[in-house]
Amino acid sequence: MKTLPRLALAALPLLALPGVPPLPARADAPPPPGTHTRTIAMGRWQRPYLLHVPEGRPARGRLPLVVALHGGLNDAAYLTRQSRLNDQADRHGFAVAYPNGLLGTWNAGGCCSVARVAGVDDVGYLDRLLDTLVREGLADPRRVYLAGFSNGGGMAYRYACERPGRVAAVGVVSGSLASLCHPRERVSVLAFHGTADFSVPYHGGGNLDFDVKVPFLPVRWVMDIWRRLNGLPALSRPYLDRGHTRCRTTGRGPDGTEVALCTVDGGGHEWPTATGRAGVDGSAVLWRFFRAHPRPGGPA
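Taken in order, the sequence shown gives residues -27 to -1, 1 to 273; the numbers are from mature numbering (1 follows the signal peptide of the UniProt record, and there is no 0).
You may find that some hints are simply not true.
[Unchecked claim] Okay, the calculated beta carbon distance ranges per label pair:
{"hint": "1", "residue 1": "A207", "residue 2": "D228", "range": "17 to 23 Å"}
{"hint": "2", "residue 1": "P6", "residue 2": "P211", "range": "33 to 39 Å"}
{"hint": "3", "residue 1": "G239", "residue 2": "R33", "range": "45 to 51 Å"}
{"hint": "4", "residue 1": "T10", "residue 2": "H65", "range": "22 to 28 Å"}
{"hint": "5", "residue 1": "L46", "residue 2": "G92", "range": "17 to 23 Å"}
{"hint": "6", "residue 1": "W18", "residue 2": "P211", "range": "22 to 28 Å"}
{"hint": "7", "residue 1": "G16", "residue 2": "P227", "range": "38 to 44 Å"}
{"hint": "8", "residue 1": "P156", "residue 2": "G34", "range": "25 to 31 Å"}
Honestly, the hints are just simulated from the structure, not real lab data.
Since the model is a prediction, treat every value here as computed from it, not as a measurement.
All C-beta atoms, glycine included, are put in the ideal place defined by N, C-alpha and C.
Can you build the whole structure from these sequences, using the hints too?
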């Protein structure tokens, strides 16, 4: 683990590489259906991402957008297979963007690894990604949602804390809040977490990073932070009970925001699936939650 700072320093020159410029985007020509490999220009370098546009999308009109953030030391392609969000997108008619973290990591604040040590501006990267997809006429800015696994979940939380006006809801799987959080607006949150997760322990503990000897917060503490920020009551209402998964929610507040936690009894550090320990399709549950929580003024 002592080599990670050296890796971070070695990665810094990559941030200055000019790369190959992407094709210019036209505001009147959103990308066609299918899965596309694209890049976002960040200064003198390019950051890649995958974009899935659902089959059968209408020629006109904006789509809901889910931005899905992979776990640490993984990549966008892995998350497409892990989550199978593209299947939900084709079934329900939303787009999915899968950004790539630097060397497989995200700067979620107190975590993680190369991206944190190098001070990568991942908030700016996500800003630029959303700007692009809204400008192209693909994404509905009132129906932008973030989903993240593990380190990507921490990044989703960080973005919601710093840019609450840009996301309607956040869904986190096996992730934790690793940054200060003082959002100016309220954001709905749904989390999945297994009680046998030893990477990001359900009851807290471990270390945020290889050189950050601060423990992860217990999952219920993180949920309490979000419900208090949203002015919501305790998570006491049943939301979903299936397989080894028990979901509880605050219910909706006066402004429509909601916080929910799905606990997977005996679940590990993994994306919930209907055939796995969870006994539920986590991506289907996330989309149902997202669809019910557009930003105020958006379609229900």
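The hints, checked one at a time:
no. : hint                       : in the structure
1   : A207 with D228: 17 to 23 Å : 18 Å, holds
2   : P6 with P211: 33 to 39 Å   : 38 Å, holds
3   : G239 with R33: 45 to 51 Å  : 47 Å, holds
4   : T10 with H65: 22 to 28 Å   : 23 Å, holds
5   : L46 with G92: 17 to 23 Å   : 19 Å, holds
6   : W18 with P211: 22 to 28 Å  : 48 Å, violated
7   : G16 with P227: 38 to 44 Å  : 42 Å, holds
8   : P156 with G34: 25 to 31 Å  : 29 Å, holds
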